[in-house]
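Here's the letter readout for the chains.
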Amino acid sequence: MNFELTKEQEMTRKMVRDFAENVIQPRAIDLDVKAEFPEDIFKEMGKLGLLGIPFPEEYGGVGGDTITYALAVEEIGRVCGGTGLSYAAAVSLGSSPIYYFGTEDQKQEYLVPLAKGEGLASFGLTEPNAGSDAGGTQTRAKLEGDEYVINGEKSWITNAGYARSITVTAVSGKREDGKNIISAFIVPADTPGLTINSNYDKMGVRASNTCEIILEDVRVPKENILGDPEKGFGQFLYTLDGGRISIAALAVGIAQASLDRALAYAKERKQFGKTISNFQAIQFKLADMAMEVELARNMVMKAAWLKDQGKPFTKESAYAKLFASETAFRSANQAIQIHGGYGYMREYEVERYLRDAKLLEIGEGTSEIQRLVIARQLGC
Amino acid sequence: MNIYVLLKRTFDTEEKIAINDGRIDEEGAEFIINPYDEYAVEEAINLRDEHGGEVTVVTIGEEESEKQLRTALAMGADKAVLINTEDDLEDGDQFTTVKILEAFFEGKEADIILAGNVAIDEASGQVGPRLAERLDIPYVTTITSISVDGETVQIERDVEGDVEKVETSLPLLVTCQQGLNEPRYPSLPGIMKAKKKPLEELELDDLDLDEGDVEAKTKTVDIFLPPEKEAGKVLEGEIDDQVKELVSLLRNEAKVL
Numbered sequence: 001m002n003f004e005l006t007k008e009q010e011m012t013r014k015m016v017r018d019f020a021e022n023v024i025q026p027r028a029i030d031l032d033v034k035a036e037f038p039e040d041i042f043k044e045m046g047k048l049g050l051l052g053i054p055f056p057e058e059y060g061g062v063g064g065d066t067i068t069y070a071l072a073v074e075e076i077g078r079v080c081g082g083t084g085l086s087y088a089a090a091v092s093l094g095s096s097p098i099y100y101f102g103t104e105d106q107k108q109e110y111l112v113p114l115a116k117g118e119g120l121a122s123f124g125l126t127e128p129n130a131g132s133d134a135g136g137t138q139t140r141a142k143l144e145g146d147e148y149v150i151n152g153e154k155s156w157i158t159n160a161g162y163a164r165s166i167t168v169t170a171v172s173g174k175r176e177d178g179k180n181i182i183s184a185f186i187v188p189a190d191t192p193g194l195t196i197n198s199n200y201d202k203m204g205v206r207a208s209n210t211c212e213i214i215l216e217d218v219r220v221p222k223e224n225i226l227g228d229p230e231k232g233f234g235q236f237l238y239t240l241d242g243g244r245i246s247i248a249a250l251a252v253g254i255a256q257a258s259l260d261r262a263l264a265y266a267k268e269r270k271q272f273g274k275t276i277s278n279f280q281a282i283q284f285k286l287a288d289m290a291m292e293v294e295l296a297r298n299m300v301m302k303a304a305w306l307k308d309q310g311k312p313f314t315k316e317s318a319y320a321k322l323f324a325s326e327t328a329f330r331s332a333n334q335a336i337q338i339h340g341g342y343g344y345m346r347e348y349e350v351e352r353y354l355r356d357a358k359l360l361e362i363g364e365g366t367s368e369i370q371r372l373v374i375a376r377q378l379g380c
Numbered sequence: 001m002n003i004y005v006l007l008k009r010t011f012d013t014e015e016k017i018a019i020n021d022g023r024i025d026e027e028g029a030e031f032i033i034n035p036y037d038e039y040a041v042e043e044a045i046n047l048r049d050e051h052g053g054e055v056t057v058v059t060i061g062e063e064e065s066e067k068q069l070r071t072a073l074a075m076g077a078d079k080a081v082l083i084n085t086e087d088d089l090e091d092g093d094q095f096t097t098v099k100i101l102e103a104f105f106e107g108k109e110a111d112i113i114l115a116g117n118v119a120i121d122e123a124s125g126q127v128g129p130r131l132a133e134r135l136d137i138p139y140v141t142t143i144t145s146i147s148v149d150g151e152t153v154q155i156e157r158d159v160e161g162d163v164e165k166v167e168t169s170l171p172l173l174v175t176c177q178q179g180l181n182e183p184r185y186p187s188l189p190g191i192m193k194a195k196k197k198p199l200e201e202l203e204l205d206d207l208d209l210d211e212g213d214v215e216a217k218t219k220t221v222d223i224f225l226p227p228e229k230e231a232g233k234v235l236e237g238e239i240d241d242q243v244k245e246l247v248s249l250l251r252n253e254a255k256v257l
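Going down the list, the sequences are from chains A and B. Numbering-wise, the first sequence is residues 1 to 380 according to UniProt numbering. Numbering-wise, the second sequence is residues 1 to 257 according to UniProt numbering.
Heads up, some of the hints might be wrong.
Claimed, not checked - Over 10 Å on every C-beta distance to chain B, these chain A residues come out as not near it, computed from the model:
1) Glu10
2) Lys14
3) Asp18
4) Val62
5) Gly63
6) Asp177
As the list claims (entries may be wrong) - Listed next, the in silico EDC-like pairs over lysine to aspartate or glutamate satisfying Cα-Cα at most 16 Å (straight line):
7) B:Lys67 - B:Glu90
8) A:Lys14 - B:Glu228
9) B:Lys16 - A:Glu268
10) B:Lys67 - B:Glu200
11) B:Lys195 - B:Glu66
12) B:Lys217 - B:Asp12
13) A:Lys302 - A:Asp65
14) B:Lys16 - B:Glu203
15) B:Lys108 - B:Glu27
16) A:Lys222 - A:Asp105
17) A:Lys14 - B:Glu200
18) B:Lys193 - A:Glu57
19) A:Lys142 - A:Glu10
20) A:Lys47 - A:Glu118
21) A:Lys7 - B:Glu14
22) B:Lys67 - A:Glu10
23) B:Lys195 - A:Asp65
24) A:Lys47 - A:Glu36
25) A:Lys14 - A:Glu4
26) B:Lys219 - B:Glu66
27) B:Lys195 - A:Glu368
28) A:Lys14 - B:Glu133
29) A:Lys116 - A:Glu57
30) B:Lys67 - A:Glu109
31) A:Lys7 - B:Glu64
32) A:Lys358 - A:Glu347
33) B:Lys193 - A:Glu223
34) B:Lys16 - A:Glu4
35) A:Lys222 - A:Glu118
36) B:Lys229 - A:Glu361
37) B:Lys193 - A:Asp201
38) B:Lys196 - A:Asp260
39) A:Lys358 - A:Glu223
40) A:Lys14 - B:Asp12
Hints listed in this document are in silico derivations from the structure and should not be mistaken for laboratory results. Glycine included, C-beta positions come from ideal geometry on N, C-alpha and C.
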């Protein structure tokens with residue numbers, strides 16, 4: 001066992017922390033109030049190589065590992081949940097499926113610019129009537145000559161308003177047993193028939209761009225099918241396993257921020273002639289928060305390590321996502337409680353942590369779905 | 001151009017500092033590149049990109065200092081040298097540092113040596129100028145701008161808020177002041193490349209020095225934290241009375257008048 005990070009991992013964490021504190025943190029409240037996607041910050045992140053961490057150099061990436069990527073997500077999430085979510089989604093959902101399942105041509109055309117940070121991509125899976133039950137996908141893709149014609153609707157697609165391509169899932173046929181075959185297609189964002197709206201007014205992660213997508217007779221060349229035409233479903237399950245690690249890392253960032261703020265405040269705030277950090281009622285909260293944050297981070301690191309080793313990580317990434325997102329929610333909630341009335345004010349930021357953390361218990365598989373995934377891994 | 005940067009690993013003074021038995025408690029302290037040395041690294045990289053050549057970053061320290069050197073390599077420096085005194089030296093001062101660097105620079109033919117204006121820990125600001133004296137080359141401190149044309153160097157330096165323009169020539173040593181540039185973040189590709197860049201480790205022996213040669217000329221008698229800031233006082237009453245009270249407090253209590 002070795003719990004030490006490599007020098008490169010530590011340097012990355014330090015660099016991302018400095019960048020996050022200097023560049024993102026000063027704008028976090030404003031981005032939340034205005035629900036504004038910080039496109040300029042993503043350009044800078046791209047230049048620093050952050051969007052290419054887990055991809056090899058030959059595809060424009062930096063050849064880092066999942067651990068390094070998770071550390072980066074945590075540090076960005078620590079200052080701004082919305083920016084952190086868009087970052088995690090860009091890499092884990094936008095770029096990763098093309099890296100995992102794309103042909104060489106697809107990687108050159110679609111992955112390279114993403115990994116270099118010259119653009120973003122989105123992953124369109126969820127639909128108005130297909131959430132956790134992705135098998136209920138209603139979007140249809142029909143082969144006509146050399147083109148697939150896609151019709152349907154997608155909901156809550158992160159970054160789509162700024163994406164250069166969107167990977168959408170669609171029913172492309174039926175298996176012999178009557179079940180739907182689901183395939184994934186790379187759709188360039190400027191394809192005619194594709195409408196991207198960003199009309200959602202969200203509770204949290206407001207700096208993240210979230211879109212509704214309508215596909216009306218969208219035609220893509222046949223070769224835009226991603227990976228195995230018959231195995232789209234398995235592909236996106238694998239993609240989501242990886243995505244869970246990044247959502248868990250983001251949750252650790254929010255939980256850590258909650259602890260940092262609560263601890264600093266408790267050491268300053270005086271009541272009854274003492275700082276409130278002298279009271280056991282507050283100490284117990286802080287002790288629980290610190291313990292849970294560390295446990296959550298350890299689980300994230302283990303899941304990332306398993307993925308890097310090429311070992312199965314489905315169960316561990318579900319553990320990480322479930323525990324870390326619930327930890328983030330509890331920690332943010334306790335941070336508000338410790339701040340008292342001030343915590344309810346936007347200026348103190350902990351109320352935003354709670355709103356941001358809530359999404360992490362829902363997005364990329366609800367907590368209930370994580371428990372289902374774990375139970376299935378147990379053989380239930 | 002043969003460019004050298006003197007770099008110091010120091011604790012982050014923005015973090016809380018604790019003192020134990022007359023020493024700064026390193027347990028739990030965050031260590032960083034001395035911020036003024038970051039300006040030096042950035043300027044060295046810019047000079048190299050403009051004029052060609054190589055940037056070598058030098059530090060005197062311990063095994064742990066490798067992290068700061070790797071960060072400078074990740075920013076874009078080409079080579080790093082760690083003069084590891086961990087096993088040889090208990091304490092040192094500016095004399096020690098200069099003596100070691102003088103030995104290091106023997107026969108190196110440096111065109112320009114960049115250092116920080118001061119280190120934020122002990123803030124002596126001595127190492128740069130004293131090294132230049134020993135190497136018998138010109139030096140300019142607290143620079144905020146530099147341009148090199150052949151052997152001629154145009155420099156602007158910060159003089160207590162004013163600007164002084166200086167013309168000098170290579171070889172040269174400069175110390176860098178805030179305002180010179182905005183140090184870059186080490187990029188991810190930079191971080192990955194840094195692990196393949198050469199990092200040479202030397203000990204006193206390799207520089208033909210022994211402990212006696214570099215023995216400190218000064219002794220640290222005491223280290224203490226500044227007094228804790230006390231709660232402020234809000235004056236009340238008529239303006240005239242407030243002014244009188246303020247003057248009397250400044251004279252009798254604060255003794256600044």
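**Message:** Tell me the numbers of any earlier hints that the structure contravenes, in ascending order.
**Reply:** 1, 2, 3, 4, 5, 7, 8, 12, 14, 15, 17, 19, 21, 24, 26, 27, 28, 30, 32, 33, 34, 35, 36, 37, 38 and 39
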